[in-house]
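Colleague: If you want the building blocks of each chain, they are given just below.
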Amino acid sequence: MRMHRFKIFLAVLLSTGFLIASACMFTCSSYAATEAQIKVLDPRGELYSAPAMPINVRLQTLTGKKIGILNNTKPGADSFLPFLLQALKEAYPTIEFKTWTIPYNVYPNKANDLKALAAWSDGVIGLLGD
Amino acid sequence: MLDTLPFKSDSQSAAVGAGLPDLRIIALPVSTTAGKPAEELLPVARQIRQEVIDALTKEPQNKTVVTVRPVKAKPAAILTFSGKTAGEAEENMEKFFLANKWSDGLPMVPATPEAVNAMLKGTDLSRDHIVGIADPRKGIATVEKIAINAVMAGARPAYMPVLIATVEALTDPAFDLYGVQATGGLAAPLLIVSGPIINDLNINFSYSTAGPGWRSNSTIGRAMRLILINLGQAWPGINDMKDVGNPAKFGIVMAENERQTPANWASIREREGFSKQVSTISVYASQSYRQIHDSQKYLLPSTPVKPIVDPMIPSLMSNSLNAYAEQWGEEMLIVFSPVMAENLAKIGYTPEKIQKELYEKGRISRRLFGPRPLGAVAVTSGIPQWIDDLPDDALVPVVPKSEDIKIMVSGGKGPGDGFVIDRWGFGNSHYVTKEIKLPKNWKSLLKDLSGWETPIEVK
Chain C
1 MRMHRFKIFL AVLLSTGFLI ASACMFTCSS YAATEAQIKV LDPRGELYSA
51 PAMPINVRLQ TLTGKKIGIL NNTKPGADSF LPFLLQALKE AYPTIEFKTW
101 TIPYNVYPNK ANDLKALAAW SDGVIGLLGD
Chain S
1 MLDTLPFKSD SQSAAVGAGL PDLRIIALPV STTAGKPAEE LLPVARQIRQ
51 EVIDALTKEP QNKTVVTVRP VKAKPAAILT FSGKTAGEAE ENMEKFFLAN
101 KWSDGLPMVP ATPEAVNAML KGTDLSRDHI VGIADPRKGI ATVEKIAINA
151 VMAGARPAYM PVLIATVEAL TDPAFDLYGV QATGGLAAPL LIVSGPIIND
201 LNINFSYSTA GPGWRSNSTI GRAMRLILIN LGQAWPGIND MKDVGNPAKF
251 GIVMAENERQ TPANWASIRE REGFSKQVST ISVYASQSYR QIHDSQKYLL
301 PSTPVKPIVD PMIPSLMSNS LNAYAEQWGE EMLIVFSPVM AENLAKIGYT
351 PEKIQKELYE KGRISRRLFG PRPLGAVAVT SGIPQWIDDL PDDALVPVVP
401 KSEDIKIMVS GGKGPGDGFV IDRWGFGNSH YVTKEIKLPK NWKSLLKDLS
451 GWETPIEVK
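Protein chains in written order, with this note's numbering: chain C, 1 to 130; chain S, 1 to 459.
Simulated from the structure, these hints should not be mistaken for laboratory data.
Quantities reported herein were computed from a predicted structural model and do not represent experimental measurements.
No residue lacks a Cβ here, since even glycine has one placed at the ideal position from N, Cα and C.
Watch out, some of these pointers could steer you wrong.
[Stated by the list, open to error] Taking lysine to any residue pairs in the SDA-like style, the calculated list, with each CA pair at most 20 Å apart, reads:
| no. | chain 1 | residue 1 | chain 2 | residue 2 |
| --- | --- | --- | --- | --- |
| 1 | S | 101 | S | 245 |
| 2 | S | 58 | C | 92 |
| 3 | S | 74 | C | 47 |
| 4 | S | 443 | S | 215 |
[To be verified] To spell it out: a stretch of chain S is covered by chain C in this simulated footprint if at least three of its residues, at any positions, have a beta carbon under 8 Å from a beta carbon of chain C; those stretches are:
| no. | stretch |
| --- | --- |
| 5 | 25 to 39 |
| 6 | 131 to 138 |
| 7 | 146 to 159 |
The shape of chain S in the complex, shown without the other chains:
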């Protein structure tokens, strides 16, 4: 297997995960080969030629013996840290976690056996129940391990049902967690909560829902990141190859503002096929966040009013202009503030009408995809033959179906802003929604949240 030098550790990690630890991986001594001229690449090929020949003709020194590891996780081991004082012992724990890449860099709450036992009261599932297998290293996500990382993040036991559903969603093959974690792109899972649990857990759905200030939003997002670090075991520069990363990797939890959603607009969970009574969590491989603005209020009365969706179109189409063919087939997430949604509803828009209009108007030239035939990239991106066959000037939708433009109402009643969040496109990640299942002791569990709430401003 040949790879470029920065990706060698990523390839090794993948080979081990796939059960091929002896796979011979040869690193080309360059950061990339794409677009490099012959005078640079031929000497590289000659330089690594003998390694390639050896890899095909020489046995590895220590050949792996075939082993079978059943999916059965052991209970978590206890780690002991000492110091002159309790505070120093905690600091030594933090230092150990940092040195071993087990931390997100922020201070940790110690996951003592007592704290983890308390966290486990947030679920009816047994502590050894396996919720999923987290890529890229295929860490077994037991309920116990989720609880440990939740404690470390500062989460409360009542958040456990959300975290368990989050792990179910992240490890659903439709989400392509492997790709999201390992990619060099900017992917970062964004969590979207919908339903009555928003009120139960004091999740901020109003002003700056995507920002800090609420225990639930902040620690659920942080717990997700710690789970991705400690169970998926992705690490920057080893098997998480994002060139510059994404601030959303700290963990963003947004909640739907159903209270201020127009009456005739269904919630996002209902449009994903769930009933109004349940609560859901969705994971979305967010890439970039672009503001959209209701600019009509700045127009002079004499200026002809454009349909309100028009200003959004450039934001919708500006995704990855340099790589349309590779990134085609993405979903888009549009977050309307309550004021924007209200204005749209007043002139007869529903989410379905907005989806259709954006699908029709937000089109790009076939020329941007590259010359015909597209070949392998068409297979990778799922580009249908009819698009490949179009003349250069023909217009192509930015998503395969109008429903791939996801719409939700969130945030507070401000001047009328929202944003378009495009999805990481080099891969097959999809918007995945799971029901949040509540334990039998839900009502008594919520009593624990007393004193942990931050008032939510709703105007």
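Isolated chain C (complex conformation):
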């Protein structure tokens, strides 16, 4: 009887040990696996931006204001411009428009043309795109 109890005790002990060992192996192996790491250097370039400038103070009203139009010569600007001006005139009949056609790419007098646009205008609307 005593021998039988001892066998049962031994069997329980071995089973428990096996379970603990299995659990430990499983835990240890998962732990090791989650440790696999790779370190790489960030490929993205740091961005250089021109000094960030806030936009000018907004106008109080558009009544009687001179609005310069910057047409960058993309075909879409020419098509849409007359309708934009018509729609704005409907809301503000005294608004004055003057259009500067300034191509999107670089050309010799570009800076001067932009300065002239800025000098004349109370506000500017740019139109670009296809």
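Using the hints, position chain S against chain C.
Modeller: Relative to chain C, chain S alone:
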């Protein structure tokens, strides 16, 4: 600023890059306005009218404080990726790069600090040296960042001098990288290598030079694209607005076949003003690739033989027939196979003679430019007044000067094919060539290429 809906992100990107993050950008709810009738456009104008009024009269909620960012790049940060296995960690890196738009979609070589340090042995420049500022987002292209992207592309350290010269060329204002990256056109930078470095780096200059199979051609081209993605930070549909793109965006590197160039033809680098002893890289905003063929061999003996350049003329003139005025002023690149070049040389042609003959014969009607006066488009495209003043039936050259037709010999000795590659024309991009400067350890660097070479078939 008014733009169409698809271009709003592109305009925002440009505004930030120009230092005007608060610029009010209003997107018209259409994909294009060009050529649309009044009944479509007037309602659109009325629809966005209040937004335009608000943009002119209401302050933005969070106004930007003036800041100055000096051109000084920080060292690259280290990113850590984990997984159950090393392979899974790499996969997680790839997934992160894809999700963040840092990848070209192909598998990446991890740019570990060790791999990047090894890559940096390919240059004498310090890792924080700034090679250029890459448009459109103005990424600072340091030597270190070039090396990181080179590792990811699978390049070898000995390719670094080519990549540094490539970035110098891409960021040269004459190339107009902003336009090339952002355009809705089909622009894709094509790289052309000329000089002794072709042999040093086992760059394929022979059969299918513009195709895959060589570590150098493939990974230099791929590294360039990753640099354009990660430093220029152009992305399709955000600030790279190409409708359908261009397969050459994967990165094509072609090399000059100087060994089989006629003896009295100077190399393309010499014709660009460089000495024969140096090596160069050229960047060219390629658009479409059209085959030219030496068709004379198919003629019956009784058929009168035409000058060999004649069959090329239609290819030269067929560029963008719907937009001559906008695209005038382009360069053209003609690639002759060695057989074509040999046949041309036999009957007395030199690159200069071909340029002149094509310039004279490859002309288009003034009528194709549109009605006089051309106005703004003449300024944009650099069309001189004398062309604008010509009668409709007058013939106009397709390029401003005969030298704008670039000529090179490349490829293997096949049936006699080559191609004409026209240049993206909506902008001011030009063919830019830079010398490839070699580091002091060049000879020992080349030893690393042992085992990375693919035989080149030269017959």
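Colleague: Each hint needs a verdict: does it hold in this structure or not?
Modeller: Structure-based check of each hint:
1. 101(S) - 245(S): OK: residue 101(S) and residue 245(S) at ~16 Å, within 20 Å.
2. 58(S) - 92(C): holds (16 Å)
3. 74(S) - 47(C): holds (11 Å)
4. 443(S) - 215(S): Given that 20 Å is the threshold and the Cα spacing comes to 19 Å, the pair holds.
5. 25 to 39: Contact hint for the stretch 25 to 39 of chain S vs chain C: holds, 7 residues under 8 Å.
6. 131 to 138: holds (count 4)
7. 146 to 159: holds (count 3)
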